[in-house]
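**Q** Sequence:
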Amino acid sequence: MVKARASNQLAFVFAAPRPATHAAALAGMDARVAKTVGEVLATAHANGKPREIVAAEMTLLLDEPVTKEMLDAWSAPAKGKHNISFTRMCALIAATGRFDLLDRELRAIGAALLVGEEIHTARLGHLKSKIAELTAELRAVERMATPIARGSTEC
Numbered sequence: 062m063v064k065a066r067a068s069n070q071l072a073f074v075f076a077a078p079r080p081a082t083h084a085a086a087l088a089g090m091d092a093r094v095a096k097t098v099g100e101v102l103a104t105a106h107a108n109g110k111p112r113e114i115v116a117a118e119m120t121l122l123l124d125e126p127v128t129k130e131m132l133d134a135w136s137a138p139a140k141g142k143h144n145i146s147f148t149r150m151c152a153l154i155a156a157t158g159r160f161d162l163l164d165r166e167l168r169a170i171g172a173a174l175l176v177g178e179e180i181h182t183a184r185l186g187h188l189k190s191k192i193a194e195l196t197a198e199l200r201a202v203e204r205m206a207t208p209i210a211r212g213s214t215e216c
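Each number in the numbering used here comes from the position in the sequence shown (counting from 1) with 61 added on.
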């Protein structure tokens with residue numbers, strides 16, 4: 062019998078994130094990221110991928126050693142001096158497929174994440190928006206346009 066995999070994937074949110082611009086907007090981000098690292102690792106473990114395997118996959122992606130102990134330190138909010146680098150966070154997300162959690166963290170700074178082929182959906186929306194804009198402009202010009210008649214009554 063096939064073991065059910067833990068999902069816990071967050072749904073994509075279409076609301077536009079607000080940029081982090083006010084004072085202390087990113088205060089506590091280190092602890093928040095550590096909690097996210099822990100969440101990523103817990104989901105991976107629930108899906109049959111222990112920290113040792115995640116560390117090995119990250120090592121391959123980065124071409125530098127990553128150990129279970131490093132993952133443990135990065136996932137501990139109390140270990141403020143052991144923050145995960147952005148490069149390693151990217152490798153962690155790539156190794157576990159938890160793009161939804163990276164999206165959640167990026168939204169804290171006013172950005173959102175599209176993964177792979179999702180970019181085509183965003184482009185489709187952009188093109189439809191441009192078509193609507195051009196259609197509105199075309200209608201406005203049609204209302205103002207009159208036939209061009211230069212000395213001839215023939216069409």
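FYI, nobody ran anything at the bench for these hints, they're computed from the structure. Every residue gets a Cβ at the ideal spot worked out from N, C-alpha and C, and that includes glycine. Some hints here could point you the wrong way.
Here are the simulated lysine-lysine pairs, DSSO-like style, with alpha carbons at most 27 Å apart [to be verified]:
#: 1; residue 1: K110; residue 2: K140
#: 2; residue 1: K140; residue 2: K129
#: 3; residue 1: K96; residue 2: K110
#: 4; residue 1: K96; residue 2: K142
#: 5; residue 1: K96; residue 2: K129
#: 6; residue 1: K110; residue 2: K129
#: 7; residue 1: K142; residue 2: K129
Here are the computed distance ranges between Cβ atoms for each label pair [what the hints assert, rightly or not]:
#: 8; residue 1: A193; residue 2: A86; range: 30 to 36 Å
#: 9; residue 1: V74; residue 2: L121; range: 29 to 35 Å
#: 10; residue 1: G186; residue 2: T82; range: 23 to 29 Å
#: 11; residue 1: G177; residue 2: A137; range: 28 to 34 Å
#: 12; residue 1: A155; residue 2: L195; range: 34 to 40 Å
#: 13; residue 1: L195; residue 2: T82; range: 50 to 56 Å
**Q** None of the hints should be skipped; say for each whether it holds.
**A** Results for each hint:
| no. | hint | result |
| --- | --- | --- |
| 1 | K110 x K140 | holds, 24 Å |
| 2 | K140 x K129 | holds, 15 Å |
| 3 | K96 x K110 | holds, 18 Å |
| 4 | K96 x K142 | holds, 15 Å |
| 5 | K96 x K129 | holds, 16 Å |
| 6 | K110 x K129 | holds, 12 Å |
| 7 | K142 x K129 | holds, 17 Å |
| 8 | A193 x A86: 30 to 36 Å | holds, 34 Å |
| 9 | V74 x L121: 29 to 35 Å | holds, 32 Å |
| 10 | G186 x T82: 23 to 29 Å | holds, 26 Å |
| 11 | G177 x A137: 28 to 34 Å | holds, 31 Å |
| 12 | A155 x L195: 34 to 40 Å | holds, 39 Å |
| 13 | L195 x T82: 50 to 56 Å | violated, 33 Å |
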